[in-house]
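Enquirer: These are the residues of each chain, in order.
4 protein chains.
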Amino acid sequence: MSGSTFGTLFRISTFGESHGGAVGCVLDGAPPGLALSEEDIQKQLDRRKPGQSSVTTPRKEPDKVHLLSGIFEGQTTGTPILMILYNKDAQPSAYNDIKEMFRPGHADYTYLKKYGIRDYRGSGRASGRETAARVAAGAVAQKLLSQRGVSITAYTSRTAGISCTTYNPAEIENNPMRACDPVAAEQMVSRIEALAQEGDSVGGIVECRITGVREGLGEPVFDKIEADLAKAMLSLGAVKGFEIGRGFAAADLQGSEHNDAMDAHGFKTNNAGGVIGGITTGEEIYFRIAVKPTSSISKEQDTVDLDGNERVIRTEGRHDPCICPRIVPVVEAMAGLVLEDHYKRFESQNL
Amino acid sequence: MSGSTFGTLFRISTFGESHGGAVGCVLDGAPPGLALSEEDIQKQLDRRKPGQSSVTTPRKEPDKVHLLSGIFEGQTTGTPILMILYNKDAQPSAYNDIKEMFRPGHADYTYLKKYGIRDYRGSGRASGRETAARVAAGAVAQKLLSQRGVSITAYTSRTAGISCTTYNPAEIENNPMRACDPVAAEQMVSRIEALAQEGDSVGGIVECRITGVREGLGEPVFDKIEADLAKAMLSLGAVKGFEIGRGFAAADLQGSEHNDAMDAHGFKTNNAGGVIGGITTGEEIYFRIAVKPTSSISKEQDTVDLDGNERVIRTEGRHDPCICPRIVPVVEAMAGLVLEDHYKRFESQNL
Amino acid sequence: MSGSTFGTLFRISTFGESHGGAVGCVLDGAPPGLALSEEDIQKQLDRRKPGQSSVTTPRKEPDKVHLLSGIFEGQTTGTPILMILYNKDAQPSAYNDIKEMFRPGHADYTYLKKYGIRDYRGSGRASGRETAARVAAGAVAQKLLSQRGVSITAYTSRTAGISCTTYNPAEIENNPMRACDPVAAEQMVSRIEALAQEGDSVGGIVECRITGVREGLGEPVFDKIEADLAKAMLSLGAVKGFEIGRGFAAADLQGSEHNDAMDAHGFKTNNAGGVIGGITTGEEIYFRIAVKPTSSISKEQDTVDLDGNERVIRTEGRHDPCICPRIVPVVEAMAGLVLEDHYKRFESQNL
Amino acid sequence: MSGSTFGTLFRISTFGESHGGAVGCVLDGAPPGLALSEEDIQKQLDRRKPGQSSVTTPRKEPDKVHLLSGIFEGQTTGTPILMILYNKDAQPSAYNDIKEMFRPGHADYTYLKKYGIRDYRGSGRASGRETAARVAAGAVAQKLLSQRGVSITAYTSRTAGISCTTYNPAEIENNPMRACDPVAAEQMVSRIEALAQEGDSVGGIVECRITGVREGLGEPVFDKIEADLAKAMLSLGAVKGFEIGRGFAAADLQGSEHNDAMDAHGFKTNNAGGVIGGITTGEEIYFRIAVKPTSSISKEQDTVDLDGNERVIRTEGRHDPCICPRIVPVVEAMAGLVLEDHYKRFESQNL
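Chains as they are written, first to last, in the UniProt record's numbering: chain A, 1 to 351; chain B, 1 to 351; chain C, 1 to 351; chain D, 1 to 351.
Keep in mind that the hints are not guaranteed to be accurate.
Stated by the list, open to error - In silico DSSO-like links for lysine-lysine, alpha-carbon gap of 30 Å or less:
(1) B:268 <-> A:113
(2) B:64 <-> C:88
(3) C:299 <-> C:113
(4) D:88 <-> A:43
(5) C:268 <-> D:99
(6) B:299 <-> B:99
(7) B:60 <-> B:88
(8) D:299 <-> C:99
(9) A:113 <-> B:143
(10) D:268 <-> D:299
(11) C:268 <-> D:299
(12) D:43 <-> D:60
(13) D:43 <-> D:113
(14) D:113 <-> A:143
(15) D:64 <-> A:64
(16) B:60 <-> B:99
(17) B:143 <-> B:113
(18) C:88 <-> B:88
(19) D:143 <-> C:113
(20) B:268 <-> A:299
(21) A:88 <-> A:113
(22) B:299 <-> A:268
(23) B:64 <-> C:64
(24) A:64 <-> D:143
(25) A:88 <-> D:99
(26) D:268 <-> A:143
(27) A:88 <-> D:43
(28) C:143 <-> D:88
(29) B:113 <-> A:268
(30) A:99 <-> B:268
(31) D:299 <-> A:88
(32) D:143 <-> A:113
(33) C:113 <-> D:268
(34) B:88 <-> C:43
(35) D:43 <-> C:268
Since the hints were made in silico from the structure, they are not lab data.
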């Protein structure tokens, strides 16, 4: 029960460390008869992979997915699908510093306290590389959801002190920030390049909008749609906050302002963000997440070694000064996993 | 798979509607040999019950818990514990308006779309009364956690535009807001009384601090402590946001500011909020939630009836102008359920 | 994770000890809109209750079920259904012997070793009374299955050395043995009455036939229909064996004898018992279980007390000399829970 | 929820078809710090692999396992372990007959009815090759159990009409039948060779004995040890029956004969087979399973094709005339998975 499984009827079990043999997942619950190729999945993985621009790490990893089960003659068979991405060989010598010291912001210390043993190479199981498995499975969810008319769009809305002021979805994939405002995106890039120069990193806000979801999805008590989305998002190592609809702003509103009134055409407003009582209203679902700054920086930081001696560490290597553009496809994937699972649950509940 | 189960090794399955026969839960996973009485649980339920002050509903409900299994001669036996609170009879005529119309902000519309049938009495399964079952189970978790040296304290930190400016935990149970600042609490009460007079309600922010948690709790990937806490909190109908540690503020920080450096005495800061990579650091866990304004208000609101005709509704009855003070024990209960579950998972993992 | 939950999409969580406050279950997964009354359930409970004839215990227990949630105006709402049977007061003095000694064949010793604490009154959680909760939930499954055209019939086929030689389903409920052969039933009754006179008990074989099940139900690997049926049956304390189709007799057959050939009308034989590779063929499902003799007998037996001293025990009280007729409705209930769950799983799997 | 997951705290999720890219599993719940090599696992896989003798298929498959995650410097890290066995290329032309016709005794027909699509190559997901994944995971369980002092021994006790008459565990691995009686083993081999010559196959009985298990393992209600063992065994495609302790023979006994009395040294008999009320007594656990004859035979059989036309089929290829010797390590693996899981559950339950 190591917490590597997500979902109920559409479920993934992930495995893999950054520098072990492979990362990937077993996807259980894809329906039979779905046309599915490695290209369908690679497309999404390529959006997450490193080396895409100056604001992300220049490391080059092919992140090539292989589908080794559950597919026959180009179609799913209804049995578990193994999706695997082999790791390239790492040079263990590259990790001598990490081996002996705890990197601030990383899970080095907590893993050692938990397990008493630690695969220190590239963060091991705590590596962001683990999210490639999620993106792979999410690509299947998104393919199924698109057949249902559901569309999921995430984007960077703020970073390095700069917020988007327009929402132009067509521009998201046209700028390295995956921001919804191309003008803000340019400013973000310059600021991040300057920070990277100093050996520092920065956090940001990513938003997600989901349209086309039917009414009535979600479970009343613990497995509310927003609860499952919150869990999905906070299960990303870099995410420190989640809000849906008006979110924290709702705390300052009055009932008469926040309640979404109805008329003959439906809801007059959508302060709720598309869910009431855990169940979808049919309106757009929208939520935001807080992304912390990348932990790996090349500035000097105080830390201790395994024996508790005070040390200074500089995390060398090629890191992401801002993880937002690469987290965007992960957010979409996780939202897709939550929604496809709830569609299946909805469909299993009626007479 | 109706989403009424929470937890893995320390697990509850809840049942009950606001005006059916009873609400409650089956708690599975309490260890044998724990001294447990109905009084242990009633104490927490009394903090959640209605009728405590002018800022909450004046309805009087005894909310008396009965333990009908799993206890023998005052001790738990290791078998499931049924905790049940019987409902008092409701007058069905009180619900004539609700029966025909969808109340803005309530789950009336979504339940009907989900199930095609709706127990409209007092919100049915969507009623806040369902959280009494959580508080009952949480009381057992909190008793176990206190034996582990863990202490959980939630409190209102902001409502009606007023924020606490001091943190005085000894004052929390001494004011009707369960605010951590008695001066702010007084101002909150006057503002809320005024709003209630107008037939309106207001939201707020509730914070929670957890001390004494050991290092190494939590699972690396999906079942991160912060992910399970986020799910627990967003599973409360009134909650629209969650942030841990620096939360949304982290989005504007740089890595060199946000990373928690270490020295020979441990962590020098706690921006992370007590969890890194999903696993506890041993530092204080602190998080905040956004509470939306109570949906039930007596002001007139636009809505439609079951046939789609436009109508005006005023939700009569005795409602909570601000739910924050009553959600405080629920937040503690849910946090307790998450932590006790993760302690058990931790203990089951080692050789 | 105390093992009190059964099923996935149609799932029960049971609670209760023989002499605690109540026994019962929460049924999660019944569809909304099903007409359901306490009478629907009581009918099945009455077949399991004690005091029906000379071959079962003369104890009188009303075993009255109460539905306290999940029902509104006579219909299920899709939310969890609490089914509860209150226990009558027990006289603790009746258990003085059991308190100090381990009864042979009972779980007294194993519970103490497991939990370190033991509710010794009437076997506590290990009591056969726990199966009343299963029968209650099974009644809902059977109601749903009958709407699908599925019929489940269990019956005593052998006990006390006497086997049924005809299969007459119309006679099953007309004799106290619930045997499918009324002539054999009469002989069984005399033999059992004689054994009861001596203070002894006897085991037997119960068979079950299920017709009307569609093709394609069941999961390929671990959750094969026969695997779930086997688990369901062996989860009954008195059951020591399970076989499906030709069962143990298949061990002596050759492939050319055992394989079910097909022709244009379908399968020519049904040696498989209605399942191949874990998935239903559409043919009748039939299986048999071995029921051990009732552990409670009034003959003297050797045992030890809590301090390990050798003692002689006679389990006084009114016990079932043969449990077969009362286990018949429990077998039907458990088979119903397995099948309804698999129908739901089947329905959730396709595009 | 395709039923490809087994276990709770020590849990495997399997994947793979006979002729897809690979078969294998993700093992979740192995403790950190266990020394584990591919050789540890290969040893058990070699006992299951084809081509070992004249009574099993002469096909040669290397069945080489690869551990691609969860291991660091020769030790488990506590994270999921991917165990994978790559498939060799198959010649699709070899499956032309199977593609069009349903093989009697095989799951061809049921899979098509379930999924509407069928990977017909070598039985696809229904192939016995899937059990290699179970053996791989079981090897880890057995390594952990041996550290606990638990020993699991399965063996062929009857096939082709011949029963073992002695129990000599040292001889089991010394004869191609894995029978516990070397004299019987020789007779079995001759009979099976003769049957194979005729193009036929035969079933058998496999027994399993488990020693060294502590008292108190197992859960009272649904997850009884014997229920989980029964499910584990019936989840093997060739198994049609399970009995524990005296099993079906208990049906003819009286309570005074079957109850295991106690004296100062413990239990005087072990008719129960090491479990009472679902919980271990500390005595030897012993059970037996019925294995049906191998479905693939080269004798002519009647069947139909996809269009329902009557056809005659001979399943060419190299098949196992008797699967018993190869199922022995699978039985041990499944028993190991059940027991290690229950040890972990036991350990997670106490204060």
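Enquirer: Against this structure, judge whether each hint is valid.
Expert: Each hint tested on the structure:
Straight-line distance between C-alpha atoms of residue 268 of chain B and residue 113 of chain A comes to about 18 Å, which keeps the hinted pair within the 30 Å bound. At roughly 21 Å between alpha-carbon atoms, residue 64 of chain B and residue 88 of chain C fall within 30 Å of each other, so this suggested pair holds. A C-alpha spacing of about 26 Å is found between residue 299 of chain C and residue 113 of chain C, which places the hinted pair at or below 30 Å, so the restraint holds. About 28 Å separates the Cα atoms of residue 88 of chain D and residue 43 of chain A, which keeps this hinted pair within 30 Å; it holds.
A distance of roughly 21 Å separates the Cα atoms of residue 268 of chain C and residue 99 of chain D; the hinted pair therefore holds under the 30 Å criterion. Simply put, residue 299 of chain B and residue 99 of chain B have alpha-carbon atoms about 19 Å apart, close enough for the 30 Å limit, and the pair holds. About 11 Å separates the Cα atoms of residue 60 of chain B and residue 88 of chain B, which keeps this hinted pair within 30 Å; it holds. Proximity of residue 299 of chain D to residue 99 of chain C is assessed by CA-CA distance (about 63 Å); at most 30 Å being required, the pair is judged violated.
The hinted pair formed by residue 113 of chain A and residue 143 of chain B meets the criterion: a straight-line CA distance of about 25 Å does not exceed 30 Å. Distance hint between residue 268 of chain D and residue 299 of chain D is unfulfilled; the C-alpha atoms sit about 51 Å from each other, more than 30 Å. At most 30 Å may separate the alpha-carbon atoms for a hinted pair to count; residue 268 of chain C and residue 299 of chain D meet this at roughly 17 Å. Restraint check: the Cα-Cα separation between residue 43 of chain D and residue 60 of chain D comes to about 16 Å, which is no more than 30 Å; the hinted pair holds.
Distance hint between residue 43 of chain D and residue 113 of chain D is unfulfilled; the C-alpha atoms sit about 38 Å from each other, more than 30 Å. A hinted pair counts as satisfied when its Cα atoms are at most 30 Å apart, and residue 113 of chain D with residue 143 of chain A qualifies at roughly 25 Å. Pair hint residue 64 of chain D plus residue 64 of chain A holds up; C-alpha atoms about 23 Å apart against a cutoff of 30 Å. For a cut-off of 30 Å, the pair hint linking residue 60 of chain B to residue 99 of chain B stands: about 23 Å separates their Cα positions.
A hinted pair counts as satisfied when its Cα atoms are at most 30 Å apart, and residue 143 of chain B with residue 113 of chain B does not qualify at roughly 40 Å. Under the criterion of a C-alpha separation no larger than 30 Å, the hint pairing residue 88 of chain C with residue 88 of chain B is consistent with the structure, at around 24 Å. Taking the CA atoms of residue 143 of chain D and residue 113 of chain C, the gap is near 25 Å; set against the 30 Å cutoff, the hint holds. As the CA atoms of residue 268 of chain B and residue 299 of chain A are separated by approximately 17 Å, the hinted pair is consistent with the 30 Å bound.
Taking the CA atoms of residue 88 of chain A and residue 113 of chain A, the gap is about 28 Å. The hint holds against a cut of 30 Å. Distance check on the hinted pair: residue 299 of chain B and residue 268 of chain A sit about 17 Å apart at the alpha-carbon level, within 30 Å; holds. Using a Cα cut-off of 30 Å, the hinted pair residue 64 of chain B and residue 64 of chain C holds, with the two alpha carbons roughly 24 Å apart. Proximity of residue 64 of chain A to residue 143 of chain D is assessed by CA-CA distance (about 35 Å); at most 30 Å being required, the pair is judged violated.
The straight-line distance between the Cα atoms of residue 88 of chain A and residue 99 of chain D is roughly 39 Å, outside the 30 Å bound, and the hint therefore fails. Straight-line distance between C-alpha atoms of residue 268 of chain D and residue 143 of chain A comes to about 63 Å, which puts the hinted pair past the 30 Å bound. About 28 Å separates the Cα atoms of residue 88 of chain A and residue 43 of chain D, which keeps this hinted pair within 30 Å; it holds. Taken as a hint, the residue 143 of chain C and residue 88 of chain D pair is broken in the structure, with Cα atoms around 49 Å apart against an allowance of 30 Å.
The suggested pairing of residue 113 of chain B with residue 268 of chain A holds, with an alpha-carbon distance near 18 Å, which does not exceed 30 Å. At most 30 Å may separate the alpha-carbon atoms for a hinted pair to count; residue 99 of chain A and residue 268 of chain B meet this at roughly 21 Å. Our distance criterion of 30 Å between C-alpha atoms is broken by residue 299 of chain D and residue 88 of chain A, whose separation comes to about 50 Å. The straight-line distance between the Cα atoms of residue 143 of chain D and residue 113 of chain A is roughly 25 Å, inside the 30 Å bound, and the hint therefore holds.
As the CA atoms of residue 113 of chain C and residue 268 of chain D are separated by approximately 18 Å, the hinted pair is consistent with the 30 Å bound. The straight-line distance between the Cα atoms of residue 88 of chain B and residue 43 of chain C is roughly 28 Å, inside the 30 Å bound, and the hint therefore holds. Between residue 43 of chain D and residue 268 of chain C the CA atoms are separated by roughly 43 Å; this puts the pair beyond 30 Å, and the hint is violated.
Hint compliance for this structure: hints 8, 10, 13, 17, 24, 25, 26, 28, 31, 35 are not met, and every other hint is.
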